[in-house]
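J.: So you can see what is in the structure, the chains are spelled out below.
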Amino acid sequence: MLAVRPRACCWMLGCLGLMTTSVIAAETGSLIATITQVGARGEGHAAATAAVRELETSAQAADLVPLLKAMNSAAPLPANWLRGAFEAAADRALSANSLPTADLDAFVRDRSNTPRVRRLAYEWLLKGDPEAETRFLPTLLDDPSAEMRRDAVARLIGQAREQTGDEALKLWRQALSGAVDEDQVDAIAKALKELDVPFNRVQHFGLLVDWHVIGPFDNVDQKGFPVAYPPEEQVDLNAEYTGKLGPVTWQQLHSDEADGAFDIAKLTEPHKGAIDYLYTEFKAGEELPVEFRLATANAWKLWVNGELVFAREEYHRGMRFDQYIVPGKLQAGKNTILLKVCQNEQDQDWAQRWAVQFRVCDVTGKAVHQMP
Amino acid sequence: MLRIVLCGLLGTLVCDTASADWRQFRGNDNSGLNPAALQKDWDGQQTLAWTADLPGRGLSSPIIIGEQVILTACSGPREDRLHVLSFDAATGQQQWERQFWATGRTVCHPKTSVAAPTPASDGQRIFAFYSSNDLICLDLAGNLLWYRGLTFDYPNASNSLGMSSSLVVSGDTVVAMVECDDESFATGIETTTGATRWKIDRPRRANWTSPSLMQLGEQSLVLLQSSDGVSAVDVATGEVSWNYADGASTIPTLVVAGNTAFVPSHGVTALRPGTSNPAVPEILWQEGSLQPGTSSPLVFGDAVYVINKAGVLTKAALNDGSRLWQARMKGPFSASPVVAGGKMYCVSEEGSAQVIDLADEGKTISTHEFGETVLSTPSVTADGIYVRSDGHLWKVQLP
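Chains as they are written, first to last, in the working numbering: chain A, 1 to 372; chain B, 1 to 399.
Okay, chain A solo, but in the shape it has when bound (with noise of 0.2 Å):
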């Protein structure tokens, strides 16, 4: 009869624990790598559904943090996946009162991390620890993250509806520093107005107000979308081009509109059936992703350091503050920005608009200001 000590009985065991933690954790690195080849258009499905299935009903607590990290790296479609299977695996966690909310914490502390994925985390880590609110709410204000920041803010906007004078406009103040949103904005914006306080709205969001603009271009029966007129070939401030109604050369363009909005439609006439072309540079201390936002009712085009980043065509269906959000980067030094921007025919009262809003921030939505 084979006699086993007690001894080396706690030795096998403890190894076979450690040889199915690590048999667990290797899985969990392999599904989820399966699932971050999700590609679009349906790119990897196959092996995706199966794999997040496998995660979705094995995935424990301790894989929630390695799956956090994942979704920092992934690509949308993918980090979709993957929340999925976090989601799942956080539900059961919460249930057995497992959550890991020491090792959700420490991933929120982690700026480095995707701040999308950290707000996640800290919804998670509310969940099964409710004081962590108290905890980070304080320190949030310049966080990395919009949705963290909107929460700062709104703690602050709350305190300072209930002070008046001198700490109240600190207040507020505190406040529209860490805003992106523009509701958030918008109700400092107010507050600080009843103060007496001068607000810029322009300055606040990196609105850019000063171009060059060229037009009108002919546009009739939208016609003139596809049809690259000459600043699409090159943008010479110095030349004189056949437009619409004759010769046309380069003006420059202020907008002193509180929105910092330009009113193409009372900058160049006819308005109908018409495109005009905008350009400004904009100098960036070091190269850094950004987003180039804009709002308009017309259809458009956007060239940055002479890239088509996208084009829209798309007709008078409302113009809205950061309307389109289009990734892009900036070079280090000088940046050109080219607009196209379409009118077309239509003739209801609704219909008239010709106008352009743009501005260039992070991807929070915070002003990134040009250097001097």
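The set of hints was computed from the structure by calculation and includes no laboratory data. Do not rely on the hints blindly, as some may be mistaken.
Rough simulated footprint, nothing fancy, chain B against chain A, three-plus residues with beta-carbon under 8 Å [as the list claims (entries may be wrong)]: (1) 32–44; (2) 219–232; (3) 309–316.
Keep in mind that this is a model prediction, so the values were computed, not measured. C-beta atoms are modelled at their ideal positions from N, C-alpha and C, and glycine is treated no differently.
Please build the complex by placing chain B on the supplied structure of chain A, with the hints as guidance.
T.: Just chain B, lined up with the frame of chain A:
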């Protein structure tokens, strides 16, 4: 023999469960009718069974699968947080929630929201769809099965006012209409894998109507309505079976009864597949005085019902469109009407839920004020009518 009997019983049970469900926009067959609730003996009085809080906005209708009520919502200052929620139909208790990040544009007119399209189900899976054109497939326990981003795939597939076309599912294909001024298409997606079975170009014109199913014998068609008219498309292959090319509304959606479609076009146009030339539908009648507003028409019994922009309900004969009676309701309406217990249930934009007696020339039997804006079409099962706002989901108890 015993096995055969059991299988038969199970088959009946499955069938009964399916028929009692409300699995997509305006019900299983997009008609606004649920056979399980039609013959209910309901006096039209409204009693709330429960109220559930919602974490975000939405105009999508709830769908009901067995004892689960599935609803979508969106949240965040840019409405880029997509929610799928499951509630217990009996109690209103939330069973689970899943959230995702929108991968398409989320800008919308303030009246609408990103959670505008109604989800669909084949009884085993949930297909959730949003104005951002994110298409999410979950099982009934909330586990993700697959995820597509149709605007991620086709970046100009969007509408600055928001999109709202709901999904329909038939067999193993879920159909999405993604129609706008720029990159415009409809697509059939395989329910099990999320793979594209077919994709067809559609008119480049903003469109807020939803696809509707038409079953012709063994052939399942989906009718796609647009400013150009109506295209009947084979659900399985994406091949166009026939076209009606005389224009149609881009807001209220046609309704199918048997082999006839009642289309918001030149008032209302009744058409059915052509007999001599299958590619050209036969127009049975057109009635210009029937002018659907935002609500879609409804067919019940021997009549078609239309609510116009002024909130006037018109009953018209099914065989020729002639007007039978009119009744003024308290409007305006965005939600489409449904029928339960032989009575019409209409909820105005101001949240005024009106039970209309169709046997008494549209007399209002009861009114319940939800006290919140309601733009969503109600959903009906054997024991309840479900209504949602941006903030709440309600169940009105049926006897």
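J.: Could you run down the list of hints and mark each one as holding or not?
T.: Now for the hints, and whether the structure bears them out:
Look at the region 32–44 of chain A against chain B: 4 of its residues bring a Cβ nearer than 8 Å to a Cβ of that chain, three or more, so the hint holds. Figure legend: the region 219–232 of chain A, annotated as covered by chain B; annotation inconsistent (0 residues with Cβ-Cβ distances under 8 Å, at least 3 required). Counting residues of the region 309–316 of chain A whose C-beta lies closer than 8 Å to any C-beta of chain B gives 6; at least three are required, and the coverage claim holds.
In this structure, the one hint that does not hold is number 2.
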